[in-house]
Each structure stands twice: as structure tokens, then as C-alpha cells.
Amino acid sequence: MTQTALLLAIAVPAVAALLTLLVPNRRAPWAPAILAMLVCGFELAVAIYVFPTDFAFAWPWMGFGVDFALRLSRLSAFVFLGIAALSFLVTLYSTVAMAKAPSSRRFHAWVLLTVAFSAGAVLADNLVLFLVFWEGLLVTLFAMIAAGKSRPFATAIKAFVIVGLTDLALMFGVMLTGHLAGTLSMSAIRLPLDGLGAVAFLLLLVGAMGKAGAMPFHSWIPDAAVDAPTPFMALLPGGLEKLLGIYFLARVSLDLFMLSPESWVSPVMMWIGAATILLAVLMALVQKDYKKLLAYHAISQVGYMILGIGTALPVGIVGGLFHMVNNAIYKSSLFLSAGAVEREAGTTDLRELGGLGKSMPITMACFLVAAASISGVPPFNGFFSKELVYDGALERGWIFYAIALGGSFFTAASFLKLGHAAFFGRPADEKRLVKETVREAPWPMLVPMIALAGLCIFFGVWNAVPLEGLIQPAVGAAMEGAHHGTFAGFPTNMLLVGLTGGVLLLAVLNHAFGVRRTGKGLGAVDHIYHAPGLASVYKLQATGALDPYRWLNGTAGVAARILFAIDRAIDWVYQTFASGLALVTSGFLRRLHNGSAPRYILWALAGGLTVVLIALAVVGGGS
Amino acid sequence: MSDLLLLVPFAAVVLLNLLPKRARAAGTWIAFAVLALEAAAAFAERFGYAGEPAWSPLGAVFGFHVAPDGLSGLLLLCAGLVGITALLVAQKTLRETRERFFFANLVLVALVGINGIAMVRDLFSLYVFVEVTAVATFILVALDSFTEGRGTEALEGAWKYILLSVIASVLMLLAVAFLLLSAGDTSLEAARGALAARDPLAWIAIALFLCGLFVKGALVPFHGWLADAYTAAPAPVSVFMAGIVTKASGIFALLRIASSTLNGATPGREILLVVGAVTILVGAFLALSQKNMKRMLAYSSVSQMGYIALALGGDLRLGILAAGLHFFNHAISKAQLFTNAAAIERELGTLDMDQMGGLGSRMPVTAGTSAVATLSIAGLPPLAGFWSKLLIVLALWNVGEYGFAVVAVLASLVTLAYFLSLQRRVFFGKRDERWAAVRETTPGLWVPAVALALVTIALGVGFPFALEILLGGGA
Chain U
1 MTQTALLLAI AVPAVAALLT LLVPNRRAPW APAILAMLVC GFELAVAIYV FPTDFAFAWP
61 WMGFGVDFAL RLSRLSAFVF LGIAALSFLV TLYSTVAMAK APSSRRFHAW VLLTVAFSAG
121 AVLADNLVLF LVFWEGLLVT LFAMIAAGKS RPFATAIKAF VIVGLTDLAL MFGVMLTGHL
181 AGTLSMSAIR LPLDGLGAVA FLLLLVGAMG KAGAMPFHSW IPDAAVDAPT PFMALLPGGL
241 EKLLGIYFLA RVSLDLFMLS PESWVSPVMM WIGAATILLA VLMALVQKDY KKLLAYHAIS
301 QVGYMILGIG TALPVGIVGG LFHMVNNAIY KSSLFLSAGA VEREAGTTDL RELGGLGKSM
361 PITMACFLVA AASISGVPPF NGFFSKELVY DGALERGWIF YAIALGGSFF TAASFLKLGH
421 AAFFGRPADE KRLVKETVRE APWPMLVPMI ALAGLCIFFG VWNAVPLEGL IQPAVGAAME
481 GAHHGTFAGF PTNMLLVGLT GGVLLLAVLN HAFGVRRTGK GLGAVDHIYH APGLASVYKL
541 QATGALDPYR WLNGTAGVAA RILFAIDRAI DWVYQTFASG LALVTSGFLR RLHNGSAPRY
601 ILWALAGGLT VVLIALAVVG GGS
Chain F
624 MSDLLLLVPF AAVVLLNLLP KRARAAGTWI AFAVLALEAA AAFAERFGYA GEPAWSPLGA
684 VFGFHVAPDG LSGLLLLCAG LVGITALLVA QKTLRETRER FFFANLVLVA LVGINGIAMV
744 RDLFSLYVFV EVTAVATFIL VALDSFTEGR GTEALEGAWK YILLSVIASV LMLLAVAFLL
804 LSAGDTSLEA ARGALAARDP LAWIAIALFL CGLFVKGALV PFHGWLADAY TAAPAPVSVF
864 MAGIVTKASG IFALLRIASS TLNGATPGRE ILLVVGAVTI LVGAFLALSQ KNMKRMLAYS
924 SVSQMGYIAL ALGGDLRLGI LAAGLHFFNH AISKAQLFTN AAAIERELGT LDMDQMGGLG
984 SRMPVTAGTS AVATLSIAGL PPLAGFWSKL LIVLALWNVG EYGFAVVAVL ASLVTLAYFL
1044 SLQRRVFFGK RDERWAAVRE TTPGLWVPAV ALALVTIALG VGFPFALEIL LGGGA
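From first to last, the protein sequence lines stand for chains U and F.
If you count the first sequence from 1, position 247 lands on 247 in our numbering, and the numbers rise without skipping.
If you count the second sequence from 1, position 47 lands on 670 in our numbering, and the numbers rise without skipping.
No lab work stands behind these hints, which were simulated from the structure alone.
Glycine is no exception: its CB is placed at the ideal position from the N, C-alpha and C atoms.
Just so you know, not all the hints are guaranteed correct.
[Claimed, not checked] Computed footprint of chain U on chain F; a stretch qualifies when at least three of its residues, placed anywhere within it, have a C-beta under 8 Å from a C-beta of chain U:
hint	region
1	651-660
2	685-699
3	908-915
[Claimed, not checked] Over the 12 Å line for every Cβ pair with chain U, so calculated as not near, a few chain F residues:
hint	residue
4	Leu627
5	Ala757
6	Val758
7	Leu797
8	Leu818
9	Asp822
10	Arg918
11	Tyr1041
12	Trp1058
13	Glu1063
14	Thr1065
15	Ala1081
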């Protein structure tokens, strides 16, 4: 029964995706969205149904140790539940949000395929099977961005190239891991982190981080924020990709390899995490677009998860995974609020927005809860997971803690700015965005936001439920070293809590200072933007010079020109030389065949004579 | 029992000519029945295709031995399928009952020769049956000239065919005479013994006989007649000749001699290799620059016959298997391509490829089947042609003839080039205004094409099974 349920969880969305494409567009434009929502509801039901069971099965598939193997462990069960829940809420939201989009049908087909592939990737227990689903996600990622409005294709290609390259690393990682372990069954692999093992680990790490959008594989996300449909942002970069990427990261670090604090890989991960936190949040700080600002936070928050898992300490790992769940909740909620604002106000440009709190109180309330969560304000969920990550980071070195704390400061500052600019103050054009013209979003958009905001509070106040029910069982083995058995409840280290509070207070003061200095909410961080040192970095960033994709393109451009020259030369050999030679030969032979019978007879006779003479010569010479 | 294969077509010819003039249309149906029997005979186990001498009163009277084996079965099957296709094409392209009656008659006469070639085991009888086939074919090529106002071209084509065939006859008769002097017997076994003894006279005899067969099979430089004959002949004759006549009288006889007499001996093997390679290249390059569709197909045939000769020069057992397979594949595909050409000629009234283009949307079945056949001959998997070419290359590789193997592979690029150019010029691109009203051809022409294309696909996809049957059949 569980087996059937798991197979259905992968097959039903995939089949539904095909069905969606068959629905006639004109007759029932609403059908794909409704179908997607119903299927995701089914997915959620399956996830809840199978959640308590531990289950594994394998069918022989391609041979060479590549089985169709699925496994429901504590970790995959809970990530699967997260994926199902999130996709249900986002599809509910998009029934309205995407209703008028011409690409609604395609979009929902891709959403369904994404759900199918995600379920497959999370449940797969064979590295190759996992890879198949994982690569499927690359295709849907490309297709969903391409379903956007303005100039989505360049962005879609950018995402495809970046994620594709990391997937390539993953592919090599899978090969190397399989080679080292002698098996492709994920639950049977347990490798030490040395020599080639470390290389394999790093390759897999790149794959996981590329999916999660950590630096330096992040630069397509802010572009997609502008070009891709908003539900896409909430679903993939906001939610599913983090869940999948961090799930795999945890799986690799905890299951496939024996990550320990002594290993040199651990500091590498922590530095990547720390750098991602700080650099991305600095970019987020100065954004002037609602969605783009969120996109940079979507990158920055991954840093906390990687930092947490990278500590290789139980407290850090639990914190990282808890942060993964929390991030999926509040980040989706934030993106959904952006979608609501975009729909009602017609723009997400913060320079035009303002004072929306009066006309969209529920959206604002949800935003405030989610923003407080991401900023780490107690008692919301983000506070608790961040405290756990801080705890682990501090144990491994004060510098990691300091960076993570600094990240919190900028996070809080940027959300103060965002909230102030969008929901308070006054809009630039006071006639347009007044209470009479802007209304609250419709309920299918509000319900997911409210549900997610509610979860922010629930997972914060009753953090024992997710921690003891979901995450600690998932970490399992690593928990054995934990001293007090559970990480639930209010943080015990009051010094850290105090410091967090101080930083939050500092952010508020900074905001007040900035607002007073410039007179508006949007200008709250201008003094940081113009700070010596940072200003030049920001200017560079504005030109795109700091985008690794640019560097890649630049290098690729030079390489391409060289290769093109070589290619032309080879092409000449084929195209001009070989075909020319062929045509000349052909023409020559054709002119020889002028239809004259005597000539043909002569050839035949000459040929006959030659053959006989040769035969004679060979036989005569041999005897 | 094997005598039936000679007697039935012969009796059918007699029966046809006893028919009252008004009932001549029925002649075609009699021919159909005979050809269907022919194809069925290919599968009839009771003929005992084991290569053992068979009981044959006819042979006793006329002094020849018959011993049908797996290769004979292959030829019978080809003859049946191609003959039926040619008759079907004749129904739709030859306008007068009289022409169709002549056609059926001559096909049956040729069939006597072909069946003889399939079974006999001595060089003189082989020569006789080759001549029987040839005589019928001379007239077939000139069939157009029976009608007033047409046919000078056909006569010219037939004339060249006769001229070169006469040379072949002379060469083969000479060979038989020399062999009698050398071995005292013309059986393939005796010839083999004389060759093994390195008797120069026997070698001259075999070289001459091979040259005669090269003419019949149109290998370079003995190929002059083929393109003119194929192009000038009416559509069903092209199908019949390209599909079976040239192959039976030239290539099948070559196969027989290579497997029973030469037995891989030097310099027989080398002659086959060199002639084969030259034929492949010259034929392919000639095909590349043709404007007339049938002429391009004709030169393509030349080139493909080279492959078979090349295979016979390779590894003995594998080479003969590969040659037999390529023989079958090419017979099926080329008969089909000439059927396609007949369809196009019927609908357009021309075979000049420069005037065609964009016909694919108008004649989708013709375009599709033509694509299958061309890709198969060019050797693209998973079609049947791929496997036979693969085996040919393997047969060469196994005996260390790497150079010839490379030629075989590279020449398939040229094959692909001219066939793609055919496909593009005829079926893709812009359509001329003149062909605005062109429609898919009559089922009488596309049904056989589809059937043959299906054979190609089925054999390609189910190749492992086919190979098992062939190996079991003793090829």
C-alpha cells in the first residue's frame, strides 16, 4: 500500500501534467490551475498518509546496479511532506494569480512535472534514479522561467546554464561516488571523507548548492524574480529548490559521507555558507524592487543552512534543517505577498509603492509575520532556527558567528526598509495607489499566505513539534552526540539571545536614522549604500561585473572565438574541400559516361583483360 | 521437386500464350499466382535447402545438377516479392493490355532463368540460365519500342545491354571451354579442385567467368550498359531489373562461385575486393551528380553491388552471410525506390529532379517510404541496410582488410549524401507551381511500396531473429 502510494505520488502529477497540456485552452482556461491544485492536494494527502512509515523497495531497472529504488526515511518523509504542502499552497494561490496569464496552461503543466520530479528526487534511493529526477527538474526550471512575461528567455538560459553546470558536477560526483562505494544504492553508501572521497563529496556539494542557489551559483535568481511568474518564485527558488538542495546536502553529509568537524570539508562548507549570507544580504539591502529584494534573501538564507550543516555538529545540522523548513515557509509567504501586491498595485517597484497597509491589511499582516521570522525576531520560527545555527557556528569559530549575526542585522534592516516602503508611508503617485483603487487580494491568494504565516508562528511558539516530530528523527544518527537530547524549547544560551536582540535593536535604530536622514522608508539604508568601500562594490555590482555568469560568459566568449576558428577550418575541410572534391570527381566520372557504347565495351574488355592478367600473374608467380 | 521451379513458370508461359486474345488480361493474374508460389517455395522446407543434390529428372535429361540451399531460398523470396511488385507497378503504368501481357510473359521467362540460377551447381548450366534471363530482359528493356512513336531511347538502352551481354557471353563460354580443358568438368566442385591445384588455365577460366558476371552485375568497369538500360526501360521493367534480374544473373552467380569455388583463394578474393571497392566509389560518385531520378538510382545500384563483391572478398562465412543479406536488403529497397520513381513519373510525367521539390506534402506515403528505403541503403540503424553493411564491414575487418573496411564505411557517407540530395530535391523545398494539383499516387503503386518499406523496417528491427533463421537455414 505504501509502495503504491509512493509510486502514485510520482506518477499522478506526471500524468496530470500531460493531461493539462491536452485541455483545450479556449474552452477551459481555468482547468489547468484547478487540476494542478487538486493533484497537489492529492500529493499532500499521500505525504501525510505515508509520513509515519519507514519503507524501502527496489525494482531491477537498467542493470549495472541501477535499480528503481525508493525509500521513505525520516528525512525524505519530512521533506516530501514539505514539498507537497508547499506546492499545494502555491497552486491554490496560482489559480488566481495565474488566471489571466496566457501561459497558465504551460505553467501548470510544468508545475505538476516539477512536483513529480521533486517527489521522485526526494524518494529515490538510487543515485542514478535520483539523478534522473534531478535533471528533470532542470528542464522544468528552464520551462517555467520561459513561461514568464517580459524577456524571460535570456534568464531561462542563464538559469539553465548555471544549474546545468552544477548538475554536471553532480553527475560526475554520482559517478565517482558509485565507483568508490561499489554500489549506487544510496542507503548502502557510507564513505570516508578523504582523497577521492572528498572530491566526490565536493562535486555532490556543488550539485546540492547549485540547486539551493548558494553563491556563486545564485545569479539567475534575481533575474528570474523580475522575469518569471511570481508563483514560480514562491514555489521554486523560494521553496522547493531550497528543500531539495538542502535535503540532498544533508543526505550527502549525513548519509553518504561521514562528515565530521575534523574534516577539511567542514570549514569549506562553513565559509561558503558565511560568504553567501553576507554578500547576498548586502545585495538585498539596496534593491529597489520587492521581488528582487526577496530573491537576494532567498540566496542569503541558504547560507545559514549550509553554515549550519557545515558545522558538522548536531546542533548546527538540526538548526540548518530547521532553517530550511522555516525558510521555505516564510520565503514562500513573502513571495506570495509580493504577488498579491503586484496584482493589486500593478507593480513591485518600491519607488512607486507605499501606504498599501491601509488597503491590504491582511497581506500586510502576513508580510509582517514572515518578515519578522526571516529577521529572526522571537517568537517566530526563524528566530529559533537561527539561534541553533549561531550556537553551532560559535562552537566552530567566532568569525562564523560574527558573519551570521551581521547577516541578521542586514536582513532586519532590509525588511524594515521593504515593509516601510511598501506598506507604510505614501506612494509616489498618491492618486493611483489609494484605498479606493487598491483592494485586498482575493481569498485563494490570501489563504496560502495566512496558512504560511500561521505556520511561522506555530513552528516558533511550539517549536518542539517540528524539531522533535520532524527534524531530530531525520537527523537520527547524528543526534547521538547531542548532550541534552532535544533542541526544542527556548534557547538556553542567554548571551546569544541577548546579542541577537541587540542586533535587532541596532537594525531598528539604523532604520530610524536612515529614514530621518532621507525622509522616506526607501532611503533607510542609503547611508550604507554610500558608505566608503561599499559604494564602489555596489557600483560594480550594478554593472553586473560581479556576476559569475558574466565571467563565465566572458571566458566562454574567448574560448568560443578560438573554437570557432578551429571549427571553420574543420568545416572548410568538410564543406568546401571534401564536398568540392566529391563534386569534381563526380563531374569527371559523369563526363566519362557519355553514353557511347564502344567506350563502354572498351572498358569492359580492358577490365576483363586486366583481371585475367592479374589472376595469371599471381597464380603463375606463386606456382 | 526442384524441377517444378523450372516447369511451373515455363508451363505458365505456355498457358499464357494459349489464352484467347480477349482473355489476355488474365495473363497477369496467372503470373501473380506463379510469383506467389515462388515466394512460398522459398519457405517450403520440403525443397530441402541443405545444399544436397536434389532429385531432378530434368537435370538427368539435360545433364545438369541442382542442389538448392539457403541461398537459393533467399533468391526465390526476392524474386517472388520483387516480381509481384513489378507486376503491380505494371498494372498502373503500362497503359495497354498488350504491353502488360508481354510484360507478364517475359517476367515468367526470366523467372525460369532465375530459378535455374538459384539451384544449379555447374558453370555451364549457370551460363545457360543467365542467358535465358538475359534474353527475356533484352526485350523487356525495349518494351516501350513496341508502341508506335515511342522507344528510340529504349531501343538504345536495350542495344547497349545486348552489346555488353554478348561480351559477357563470349567471356563465359570461353571460361567454360577452358575449364573443360583444365578440369574436364564444369561443376563448381571440379573448378574448385583445379583452382586449389593452382592450374593457370583454371584460373584464367574463373577470371573470365567472373568478368562475364561482372558485366551482368554491372560492376565497374563493366557497368556501362546499366544506367542507360534502367533509365530507358519502362517503370515496371526498372523495378524488375533492379530488384532481381541484375542481381540474380550477376551477383547471385558471383555469390555462388565465391562460396563454392573460390573459397577465399588468392587471387580470387583480391579481384573481388578491388573490383568491389572501385565499383562502390565510382558508382557512388556517379550517383551524386545525376539529375534523372532513375539514373541516380541506377548508379546507386552499381555502387551497392560493389558492396556485395567487397563482402565476398572478406571473411568467408561472415562475408557470404553479409553478402546474402545485403543482396536481399538491396533487392527489396531498390525495387521499392523504383516503385516510388514510377509513382512520381506517373503523377508528374517527368523524372528530372531539378523540376521537382516540395512533393513531400503532396505525396506523403511516397516520400515516407522513399525515406525508409534510402536511409536503409545508406546504412542507418535500425533499418535492415544497417545490419548488412555492418556485417560487411565486420567481414572485412575480421580478415584484416582494414583499408577496404574504411572504404566501405566512408562510401556510405557518399551514399547518404546522394540519397539525402534525392530526398531533398524531390520531396522537400519549394514546390513548383506546376505541381499544385499533384496528389498522392494510386494505391496500386503505394501499397507495394509500403509493404516493401515494412519489410525493411521489420527486418531491421527484428534482425536478431532473422539472423537466427538465416544461420539455421545454412547460408
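A cut-off of 12 Å on Cβ-Cβ distance, and Leu627 (chain F) was said to be off the interface with chain U. Does that hold? Consistent with the label, Leu627 (chain F) stays out of reach of chain U, its closest Cβ about 36 Å off (over 12 Å).
Verdict on chain U covering the region 651-660 of chain F, where coverage means 3 or more residues with a C-beta closer than 8 Å: That given contact is violated, which follows from only 0 residues of the region 651-660 of chain F lying within Cβ reach (below 8 Å) of chain U.
Would you say Leu797 (chain F) is clear of chain U, with no C-beta pair closer than or equal to 12 Å? Given that some Cβ of chain U is not farther than 12 Å from that of Leu797 (chain F), nearest at about 10 Å, it is violated.
Over 12 Å from every CB of chain U: does Arg918 (chain F) meet that, or does the non-interface label fail? Violated: least Cβ distance 10 Å, not greater than 12 Å.
Any Cβ of chain U at or closer than 12 Å to Ala1081 (chain F), or is the non-interface label fine? It holds; Ala1081 (chain F) is separated from chain U by about 27 Å at its closest Cβ, greater than 12 Å.
Could you check that no beta carbon of chain U comes within 12 Å of the beta carbon of Trp1058 (chain F)? holds (27 Å)
Would you say Leu818 (chain F) is clear of chain U, with no C-beta pair closer than or equal to 12 Å? violated (9 Å)
Would you check whether the claim that Thr1065 (chain F) is not at the interface survives, using Cβ distances to chain U and the 12 Å cut-off? Correct as stated: the minimum Cβ-Cβ distance to chain U is 33 Å, above 12 Å.
Just checking, Tyr1041 (chain F) versus chain U, shortest CB gap more than 12 Å? It is violated; Tyr1041 (chain F) is separated from chain U by about 9 Å at its closest Cβ, not greater than 12 Å.
Verify that the Cβ of Val758 (chain F) lies farther than 12 Å from every Cβ atom of chain U, and report whether the claim holds or is violated. holds (19 Å)
Beyond 12 Å from chain U, beta-carbon-wise, is Asp822 (chain F)? violated (8 Å)
Since Ala757 (chain F) was said not to touch the interface, does its Cβ keep a gap of more than 12 Å from each Cβ of chain U? holds (15 Å)
Checked against the numbered hints above, the structure violates hints 1, 2, 7, 8, 9, 10 and 11; every other hint is satisfied.
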